[in-house]
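Residue numbers (the numbering used here), protein chains in the order written: chain L, 1 to 329; chain H, 1 to 135.
Derived from the structure by calculation, the hints contain no laboratory data.
From a predicted model like this one, the values you see are computed outputs, not experimental measurements.
A hint or two may mislead.
What the hints assert, rightly or not - Derived DEER-like restraints, expressed as beta-carbon distance ranges:
no.	chain 1	residue 1	chain 2	residue 2	range
1	H	99	L	110	50 to 56 Å
2	H	36	L	42	30 to 36 Å
3	H	111	L	110	43 to 49 Å
4	H	30	L	114	46 to 52 Å
5	H	115	L	212	41 to 47 Å
6	H	52	L	108	53 to 59 Å
7	L	19	H	56	30 to 36 Å
8	H	115	L	77	23 to 29 Å
9	L	136	H	75	51 to 57 Å
What the hints assert, rightly or not - Rough simulated footprint, nothing fancy, chain H against chain L, three-plus residues with beta-carbon under 8 Å:
no.	stretch
10	39 to 46
11	49 to 57
12	230 to 239
13	252 to 259
Glycine included, C-beta positions come from ideal geometry on N, C-alpha and C.
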Amino acid sequence: MPGAQERVLRRRIGSVQNTKKITRAMELIAATRVVKAQQRANEARPYAEHITQVIQDLSAGGAEADHPLLRPVEQVSRVGVVVLAADRGLAGAYNSNVIKTAEREIMAARSEGMAYDLVTIGRKAKGYFQFRNYPITASFEGFSEKPTFEDAADIAARVIELFTAEGGCDRIVLVYTRFISMGSQEVVVRRFLPLETVERIAEQGDAEAVAGFEFEPSAGAVLESLLPRYVESRLFAALLDAAASELANRQRAMKSATDNAQELILKLTRKMNQVRQDAITTEIMEIIGGAEALADDRDEPGELILSRLDSDPFPAHVGEHHASGPDRI
Amino acid sequence: MSLLVELVSPERVAYSGTADMVICRTTTGDIAFLPGHIPFIGVLATHPVRLIRDDGEVVIAVHQGFVEVSPPDEEGRTRVTILSDVAELSDAIDVDRARAARAGAEERLRTDPGDPEALSALRRAEVRLSVTDAA
Chain L
1 MPGAQERVLR RRIGSVQNTK KITRAMELIA ATRVVKAQQR ANEARPYAEH ITQVIQDLSA
61 GGAEADHPLL RPVEQVSRVG VVVLAADRGL AGAYNSNVIK TAEREIMAAR SEGMAYDLVT
121 IGRKAKGYFQ FRNYPITASF EGFSEKPTFE DAADIAARVI ELFTAEGGCD RIVLVYTRFI
181 SMGSQEVVVR RFLPLETVER IAEQGDAEAV AGFEFEPSAG AVLESLLPRY VESRLFAALL
241 DAAASELANR QRAMKSATDN AQELILKLTR KMNQVRQDAI TTEIMEIIGG AEALADDRDE
301 PGELILSRLD SDPFPAHVGE HHASGPDRI
Chain H
1 MSLLVELVSP ERVAYSGTAD MVICRTTTGD IAFLPGHIPF IGVLATHPVR LIRDDGEVVI
61 AVHQGFVEVS PPDEEGRTRV TILSDVAELS DAIDVDRARA ARAGAEERLR TDPGDPEALS
121 ALRRAEVRLS VTDAA
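Looking at chain H on its own, in the form it has when it is part of the complex (with noise of 0.2 Å):
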């Protein structure tokens, strides 16, 4: 028995599948869903998504979003629905692209500390690189 797990952005359903297990932050600390879970929807922090599988795991950069735990279905299945705006398989990352903002992101805060902006770039820089780096 494992889950059903499926990435769904706005713009199209990027991943479908099923795994062992589920690890992801919420917004108040990390949860772990295993297969039976009892329904649960939380608001996602920006931090790497890791789906356990018997062939490996699966990283998925997610930056924001909720994640839902539906009821099992007739089969006893569970599905896991992971709802972001930005979801990304370390396979789909611009690794350049990711440090150049990381770089441009530490460069701004170098003169301005506190730029809300420059920090959420670089929290994402760094999520996208851990990803890369995982897989």
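With the rest of the complex left out, here is chain L (with noise of 0.2 Å):
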């Protein structure tokens, strides 16, 4: 019968063999999704380059909008944070990371004496701040790991009328993890409102900008009607980046999980094996000390218990010969 250390320690294995399943499977999952999160950020640009583009032929053609989401800002009273996060955990520091870099920047504003207004993304975040008592503003969640368009319009709308509205912010920031590489992701903080000027934005396209457009129905409502296009694509090109982001933080979150439940398997069995050979061998001294302790009643003090034996033990293989078996010296 097993020891009752060894069967403690048996169960656990099988625990930890059954985490360590699980682990991998979801490293394997966010590895895979991780390269579609990839495809679909590089699916997205060429609409964003475009948008720039237009924008950039339309400072070329004289469009000069007072529009709102270009007004800038001398006083900043009230500030919008907007902060990326996941839906889900297990993807290691992913969540605190920007969560954290959120907060330091509420800290900020409440230190210069700002209000604020909080818009989450993802249940990780509202969690966080609601836990908290921070006042969010809005929340929007269910689609971290894979945002559609309408998500970010949704989002964007919401932004737009915070930023718009009487009293309303006067920056808004956005939070979120940039993806730079499969190794290496970063937490960036990016004004997103006000939008830089129209010359200001025609400078980041590649392209030359070429004179001589005809718009209709002008060139000022054009740009009416783009800018906030250009504000959903920009939040949607975030949400991808932290869609992509969120992925990579978990497959490799999940890779040290799974190498660690390895780590811990061997160890353990290491344990088991020890405390196995060590409950044998008790059990051998036992019934050795008993043999011991009967010996002792007869007329032969000290004999060994080998010796009571009928036959040696370990006979030697007389005149036995494996053709194949090495030879006896």
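Using the hints, put the two standalone chains together into the complex.
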């Protein structure tokens, strides 16, 4: 019968093995999804580039708009913080990094005596700030791994509303995790609104702007309907970046969890074998001790148990010769 | 010489090809582009966009967006780019869903004739259906 300690160890090894299976599966799922997320980010790029291109053309065409989204701020008295986190945990430090950065941003605003509006994206961000009694102005969740453009449009509409409302935010920053490569992501704080001037946006494009465009209905009108799209497209790009970062982080976290589980299994197995050996040794000692005690009752004290056995427990193989076996000397 | 046409939605490039003529409707009226058109930027209305090609016509449901005609490139080709939140080729449209959406919107309009959301939903459904009929 295996000892009690051995049984406990065996059970723990079993449970660690199950955990390892789960983390391994999550690692593989995250690995395939991160590739897809990167692909989506690449597919979304032409739209963003074209929008920037059109703004460039408009700028070259002399469109000057006094659009509320371009309104520069002299005195900031209220900031909006939009934080992009995940819906689920098990992604290493992904959530806490981005949330901590957002919290610092809020603290900074507070210490400068500014009011703030907090917009959370992702269940984890909402949970964190709700638990700590931060007033949350708006929250979105349920799409952090796979954001669609409609999600981006919804958020953009709400954020634009916060910015343009009477007594609303004078500046809105976006806190999210930028995807640099599979191995590195960084939390960034980006100014989101007000937008840079049309000329500044135009400078970001790489193509040469050519004047001589015809506009319908007019350059100003085109710009007016284009700017909200530009905001949506920028937010969408941030969402896609955050999704790819989340998945890359999750893959990494799950990989190290799997490795740790493997290590733990090894350690526990060693421990279990040692315990089993000990138990066997103890058992043999007990049997021998028992036999010795019995022998003491007889005439010959101090006799070894081995000499009481009928035959030699390790008989030499006399004359027995295996054809394939090594020759005995 | 033909036009290079690209239909770009926020999530991907939905269509890329050539056409002899592109007909679309801006907020101020219909406009057609032929190769060599002057550079142009317009705001699109919710209306089908027609691409006339040698082998027939491709119709795309476009729900608002922008059309940009770039100046000719080095080879003298004119590029027409359509940027739209929602742009669907006729084979990507779910006819049953569009019909259901139209019925739902009409229902809502009966109770509240001025409902702007229902009006635009009806408009979108009608554009989708007109595109599939044409195909």
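Hints the structure violates: just list their numbers, smallest first.
-> 7, 8 and 13
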